[in-house]
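Chain by chain, the residues:
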Amino acid sequence: MSLEWFIRIATEYWPMFLRGAGMTLLVSIISTLIGSIIGLIIGVIRTIPMPERGWKRLILKALDAVLGFYIAFFRGTPMIVQAMVIYYGAAMAFGIYMNLIFAAIFIVSINTGAYMAEIVRGGIISIDKGQFEAAHAIGMNHFQTMTNVVLPQVIRNILPATGNEFVINIKDTAVLNVISVSELFFQTKSIAGNNFRYFEAFSIACIVYFIMTYTVTRILRYFEKKLDGPETYTLNQMQVMTPEDMLRHTQN
Amino acid sequence: MEKIIEVQHLSKSFGENEVLKDINFSVHKGEVVCIIGSSGSGKSTLLRCINLLEKPSGGQIIYKGENILDDKHDVYKYRQKLGMVFQQFNLFNNHNVLSNCMVGQIKLLKRSKAEAEKVAMKYLKVVGMEQYINAKPKQLSGGQKQRVAIARALAMDPDVILFDEPTSALDPEMVGEVLKVMKELAESGLTMLVVTHEMGFAREVADRVVFMDKGVIAEEGTPEEIFTNPKQERTREFLKRTLAPQTSSQVSF
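For the record, the sequence lines run as chains A and B.
The first sequence begins at 1 in the working numbering and counts up one residue at a time.
The second sequence begins at 1001 in the working numbering and counts up one residue at a time.
Next comes chain B alone, as it looks inside the complex (with noise of 0.2 Å):
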């Protein structure tokens, strides 16, 4: 399989704060990696680092062969290849749905305006937004917001999409459509980077599972292995903490 991201000892310190040190880890085409751990343990700041919208401190990332840290590098070019989901969604509070789909690809893809519509459209019925296209983003609920953030990052074509905490913000009943939309795409063979806690979706949908804590990669393995028989007695802890009260891992979709 083809590996799309290598991330090789990679470190960011905040000041004196070191809260990645020496991460090493991959993401190969069409897999669906699930990043877990506490609050605190570097998990977001991961994701950002890989699409830098926070500057590492040292290591290096590799992106099809290619080192992304090095000065020449375009990043304009490299983040339109990664698409980013974020918790607090982040739609273009000036766009409507259906031009949130459309001004990357229009402004940075540099498709026409008809090529642009066709491909949003394409990705809004995916989501299941289609009818809402001329709504702007005050007017949706959390889940709907998430589930039009998810078509405009698709709309991009991109090689991976990360997502950071896509369902933390949002009311458990508004979980499972978002969490629906995202194991959908993950059976289409889409590359997905996911932060989550939620562990039901990790054990079911995702091929691997990377257990961090305190700016480390503890444990990594299938979902059988971390879930089932975990090896760190850290991840024990960890798992035993969060899946005691049985909440929004009990959706089952």
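The shape of chain A in the complex, shown without the other chains (with noise of 0.2 Å):
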């Protein structure tokens, strides 16, 4: 245990590292967006008001039924397990032998999904009631007045929290290693078995991992602020009048 074997590892084995946290990122970026879609169009379905009477009355309950499970079986069983269950699940009773990386996307995306439904339902459910009074009384239906109306503004408040998804997925993302995904922590197992040298291996993959973390919640920070622009309008920034110029507006 010194430091001569950190930098040992360190620059023995930077291509692996590095090929794991790309596969970390690669599978935690396009999980999380999927898993926000997924999410979303859960949240505009479990929002819809719902018919008097009807069948139109008893699809939906059926439906809100069905995501209900699903929401709470994702979000109640461990991750891993899940991983286990559908990579070998599928391949003992389906027959499928996935690739890999689907594998991986797929396990996350699904598992992201259920906390993204409940994160935008509780998105939808923030936004001030006369948002939604003034779309219906402009005429329009309830998809009219989430696509234009709501989702941008839930898509925007949401973001901390997405962002808290995707930094967590980075990390969950090493749970794949027991269904054989590289990602960094089945890396990290490898260079760390063929030199017995654990703390300086993992070590190294702690560093990594938090600074995957760390620069993406940076970002998200900037893009949040980019989105919410600038605090004041001022008349200065765009036209600028002065009395002469409305004089000669007018006689025109």
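In short, the hints are calculated from the structure, not lab data.
Check before you lean on any hint, since a few could be wrong.
Said to hold, decoys possible - Derived DSS-like pairs: lysine-lysine, alpha-carbon spacing no greater than 27 Å straight-line:
#: 1; chain 1: B; residue 1: K1055; chain 2: B; residue 2: K1118
#: 2; chain 1: B; residue 1: K1214; chain 2: A; residue 2: K129
#: 3; chain 1: B; residue 1: K1003; chain 2: A; residue 2: K129
Claimed, not checked - Covered stretches of chain A, as calculated for chain B (at least 3 residues, CB under 8 Å):
#: 4; stretch: 127-133
#: 5; stretch: 145-153
What the hints assert, rightly or not - Pulled a few chain A residues facing chain B out of the computed Cβ check, cut under 10 Å:
#: 6; residue: Q82
#: 7; residue: A91
#: 8; residue: I138
#: 9; residue: G139
#: 10; residue: M140
#: 11; residue: R156
#: 12; residue: S180
Positions of the beta carbon are idealized from the N, C-alpha and C atoms, including for glycine.
Make one complex out of these two single chains by using the hints.
Take a look at the structure:
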């Protein structure tokens, strides 16, 4: 255990660490995106106003129950277990041997989707009712209200929570090593296995994980600020109208 | 005069609470009808029933000859013909001023972007907010927001605009600028149904005043009849209480 080993492992195995980190980021980014889309769709479906009666009500209730189960199940079981069940289950039960990267993205997306659905639902509930009322008063239906007025605001509001999910995913992709996905943890295990320098190898992995999560957090914070725009609106930024200008305007 | 909206035997209950009991009245084309009354009298509920933001418990609402409470009636198309201006403005926060006035036209009336922009600019000029087209709602003051809300309603070229206490959430200084816009719209022939506490506005601008009390229309008439010669005791009581401390009703425009 010495600084020498740290440096030796870092310099000798940095391509493997990098590849692992690359895989981790790839799986996390894509899964968070897909999971967010799943969450948004579920959020929209679960907030459709319940019809008073009729077959539409039955269908909506059934859909609601199914989605409710999906959310409860995937939030209520460990992703590491889900990974085993999905990957080996597909192989045993259906004879499908999933491509590893596809399996990784599939597992993390489904898992993220369950969490994002609740985050989106919370986001929709927190939007001022007046936004819905104004959209309805102008004649928009539920779908139009959602896409034109509510969801854009929801997306802005849930950015912190979504960023959180992204960071969690970067870390949690580590569990995919149990199905041999070559992300950062898996690579580190191989490296450590070669030298038995577990402490040094995993410490380096730790630093790499931290660099990834911290960078992502900072980038997201920047995007949040960009989306918000300036606090005040000064006329001077745009058209400056002097009284002479106004006179000319009206005389034309 | 053509009857645009006719309300027949309208009732609305929230659970046990009967907020509207047997309301009957109509609005004609070009009319400005002001609804006044104490809090809890059902004024806002009546307005919100008319554009179906609340579902009436009973009765009929006839719009240009058709009962819009019929199951087969297209609620969305109906609402597009009715504009609404809210007490809390309710501008779309994710759109700037110009876009607020354009989104309804583009998505619902299927107008082209160029046409929608032309119409939006026209009405933004009417309310005096054409210089703020790129501003976001959170950057505006209350009076400015309400004027944009009025332009947004106008841009849909509705048959009637419903105003739900449009100035109640404004500072006294801003009340004047919004009432001025509303007065100009009334003079241009817009059909308006206004729930308000601004007695001065009702007196000067309304063609008809409707006084509501405890869920019924207690009295109805021209401003002269209601304000100078109220027939009902409770109308007199109400006017005595509201007109006594002369505040914003003193605003002359």
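Going through the hints against the structure:
At most 27 Å may separate the alpha-carbon atoms for a hinted pair to count; K1055/B and K1118/B exceed this at roughly 35 Å. Distance restraint check for K1214/B and K129/A: the Cα-Cα separation of roughly 26 Å lies within the 27 Å cut-off, and the hinted pair is therefore satisfied. For the given pair, K1003/B sits about 32 Å from K129/A by alpha-carbon distance, which is inconsistent with the 27 Å threshold. With 4 residues bearing a CB less than 8 Å from a CB of chain B, the stretch 127-133 of chain A meets the requirement of three and the coverage assertion stands.
Residues of the stretch 145-153 of chain A with a Cβ under 8 Å from some Cβ of chain B number 4, which satisfies the need for three, so the listed coverage holds. At a threshold of 10 Å, the smallest CB-CB gap from Q82/A to chain B is about 35 Å, leaving the interface hint violated. Because the smallest distance between the Cβ of A91/A and any Cβ of chain B comes to about 46 Å, over 10 Å, the interface hint for this residue is violated. A cut of 10 Å between beta carbons decides the hint on I138/A: the least distance to chain B is about 4 Å, and the hint holds.
Residue-level restraint check for G139/A holds (minimum Cβ-Cβ distance to chain B is 3 Å; threshold 10 Å). Interface hint status for M140/A: upheld, as the beta-carbon distance to the closest one in chain B is roughly 7 Å, under 10 Å. Nearest Cβ of chain B to the Cβ of R156/A: about 7 Å, under the 10 Å cut. The hint holds. Here the hint on S180/A is broken, as its CB sits about 44 Å from the closest CB of chain B, past 10 Å.
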